[in-house]
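One line per chain: the protein sequences are A and B, in this order. If you read the first sequence in the working numbering, its first letter stands for residue 1, the second for the next number, and so on. If you read the second sequence in the working numbering, its first letter stands for residue 1, the second for the next number, and so on.
Read the hints as simulated data drawn from the structure, not as lab findings. The reader is advised that the hints may include incorrect statements.
Derived list of chain B stretches under chain A, where covered just means 3 residues or more per stretch with a C-beta under 8 Å from a C-beta of chain A [unchecked claim]:
no., stretch
1, 85 to 94
2, 111 to 120
3, 125 to 137
4, 185 to 197
Remember, it's a predicted structure, so these values are computed and weren't measured experimentally. Glycine included, each C-beta is placed from N, C-alpha and C at the ideal position.
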Amino acid sequence: MSTVTIPKPQKPWKATPRQRIETGSILLISVLLAVLLVAVSPLKGKLGYVGAFVVIYLIIDYVVVRLNHGKSAGVDAFFRGLVTMAIGVAVLPIISILVSVVVRGYKGLHLSLFTTDMQNAAFTDENLAAGGLKHAIIGSILIVATALVISLPIGILTAIYMTEIRGKFARPIKFLVQSMSGVPSIVAGLFILAAIVYPLTKFYSSFEGSLALAILMIPTIARTAEEVLLLIPQDLRESGVALGGTQWRTVQQIVLPAARSGLVTALILGVARVAGETAPVVLLTGGGDGTQWNIFKGPMGTLPTYIWKAFGSGTEASIARAWTGILVLLVIVLFLFGLARFLGGRKVK
Amino acid sequence: MTDESENPEMETHVQPSSLAGIASAAEGKKTPGSSALGVGLEARNIHAWFGDKLALRDVSLDFWAGTVTALIGPSGCGKSTFIRTLNRMHEFIPTAAMAGEVLLNGTDIYAPGVDVTQIRLKVGMVFQKPNPFPSMTIAENVLAGLKLANLKVENKDDLLQECLERAGLWNEVKDRLNAHGGSLSGGQQQRLCIARSLAVRPQVLLMDEPCSALDPGSTLKVEETISHLSSSMTIIIVTHNMQQAARVSDYTAFFLSDGGPGELVEVGHTNEIFSRPKDSRTENYVTGRFG
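Next comes chain B alone, as it looks inside the complex:
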């Protein structure tokens, strides 16, 4: 994998086992399997359609527990579609269809009989726009997942504090937990949404451009939150901000569409993708010469 001349097919798409090779080549970085959190999430040959239109072609990617993977690429290249297949939110769109497997701890989440609500509890999601539930207070927002999924916890106050602390919001809101979620600033709202996803204790957190609606200061706070969280869970973040990808992620995957369906062009350690990309299209994109 380190020798690109031996891998001409790398240019079209990456084989499922690609990450293992990359990791062994880069000593000192977080290595797949080094943590005790499990094997994480494996996407195998994912295709996705909207109606008759193929939006995503043959994407295989492994996400190792305890790492942050950034998905980059221009708009319309299927990044968001891809992460929505990872927690079965893709099927929320009426015309959607998909093919392929997503293995969570070795089990296909699309297998017949799988309880989709259980999958979404294990694979949480943070959306592009901060969207605290408008009828709820800050505390109710954080604990909303428990009510939604009908979960029982021993001590709600402890969980509330823990989630807000992990999301880096506790100090700012601890005195007004009963205020409305909408009374917070945009950046605080987004961290509230992160705290909300943490309350059901997901193993994987999907973030779909979580900072695109935030100012630089709030973005920094969310990124700090991501860094803190990454030690305890698998994080997959879609971002248009390449500096952000470089700052927060261990691995980066570059998606591209040439007008047709989106494809995975290249995946690797973040510093390699940004300093020595193997594919010229990746290089053009990360150096800003995209076109």
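Just chain A, same shape as in the assembly:
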């Protein structure tokens, strides 16, 4: 029996040092040319540098690759460059926002933020440790959770109607849902004000705010859920029905479980749509400063209304409070999304 010596695993498709130097020099030359261009032209500032760099890099890269490897390789390199730059353009603002929020918000962070509310404190108090976000955190979670409880079943059932039942009204409903997703939040707030608060309850409560948020959430959840359900192979539905299942049992036991992680995405997008909403909440809950546990009673503040009020006060201390509020809102939202992903992604045992 002959023995074979196993060679060391290699990656011959990786860039050689020579190619890396080539790529590196294209980058370097582009940077230098961009600096030069900004110096001699009316282009100004960071944006000028970035813009000049992007254009120059794409041109040089295209020309060099085209000369070395031909036309189609040049076009390929050009679009690869363009896509990479586009990702940069999309991601930069997000990073910039995150950095600003952390840099400006961390000053106001202290433990009492989570144990006190603004009942006995002023936004303009120079001592940032005075007062806290307890009421706003509780309010945000209660309002969004209530809105979610209302809109998740309605949204998913709407999606089931559009994809599974495919009834006569599926098309008009799809059209309505699409147009509803463009409704400005203040309109949803005014609708609840006119339809429920003035004629019926005559009193502000966070439940009414949740109703307005639910109006905003339902289209987002319904559309995302619809797209997710459309991805489930028709085969699975047919198998369920062919095994003697009714349509509802097939949907409930096969289609929905198969779509679970996508439905969690629908939920996340729904929450993301409303977590930062301010206008309808101010309009309908009064945006209170005290801790309010009862969703059917009295004003309730949320993180966005806290931020709105703090910015509105206009002093250095209040603006610092607002940034802290933004930081806390971001962290809570990210935490909840992570949690939802974790729970939704887990395999069913």
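Once you have looked at the hints, place chain B on chain A.
Then chain B, alone, in the frame of chain A:
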């Protein structure tokens, strides 16, 4: 029926009673009515439409309990459409329409008031692509039909083992019943799907090209499974693989479409269809000279 000169109309379509004649002519084979499983399934003058388009014209075929019938024919000749009318899956397509009768144990499954879920419990189906339910384990997949149809069984473990054994999968999966169905190979997945259809104890099993996505080894295993099952139920299998039809079936029906709706050209004992077909179109197809 053995004398083709007396039956010129055989070329266009087969009369409902055709199989009885064929069977009596071929002694020693499985004979219709010889088993105690019932009269099986009878399709009478089935037409099927998608929208305005007639896809299947006037097919009448009898399937005897305890036999395997293979449906062969080129793509688009209506074989799949036909078997989907046999368990009322045809109506799952929104534009679908049909005419004709399908008698299961003598009762028309399209009669008004018939509970369609009950029909599908009695007439099971295995699809072309293996499709275990992704959110379920192997055991849950096999027993999914019970939950779907809201059936109660005394001993689920016994049923689970019985179905997996009948599908020829038990020895391969008995140690990992709680693994996901998707962790099996394609051939194992298809046998899992067969086990899944067996759990609700159908009298008839429809198989729509069950091996077309499988390698030869897995195909062989599925065919062995079919042979085992055929003693206890009626099996109707659509296949593009003529060797497969020859290996597993007692009867073979040849479907053809000349660009219009699909039609039944000829049906008979499998060995006769392959060795002495009556219709020249069947002969061209089974000898590979189709065109």
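Problem - Violations among the numbered hints - result: none
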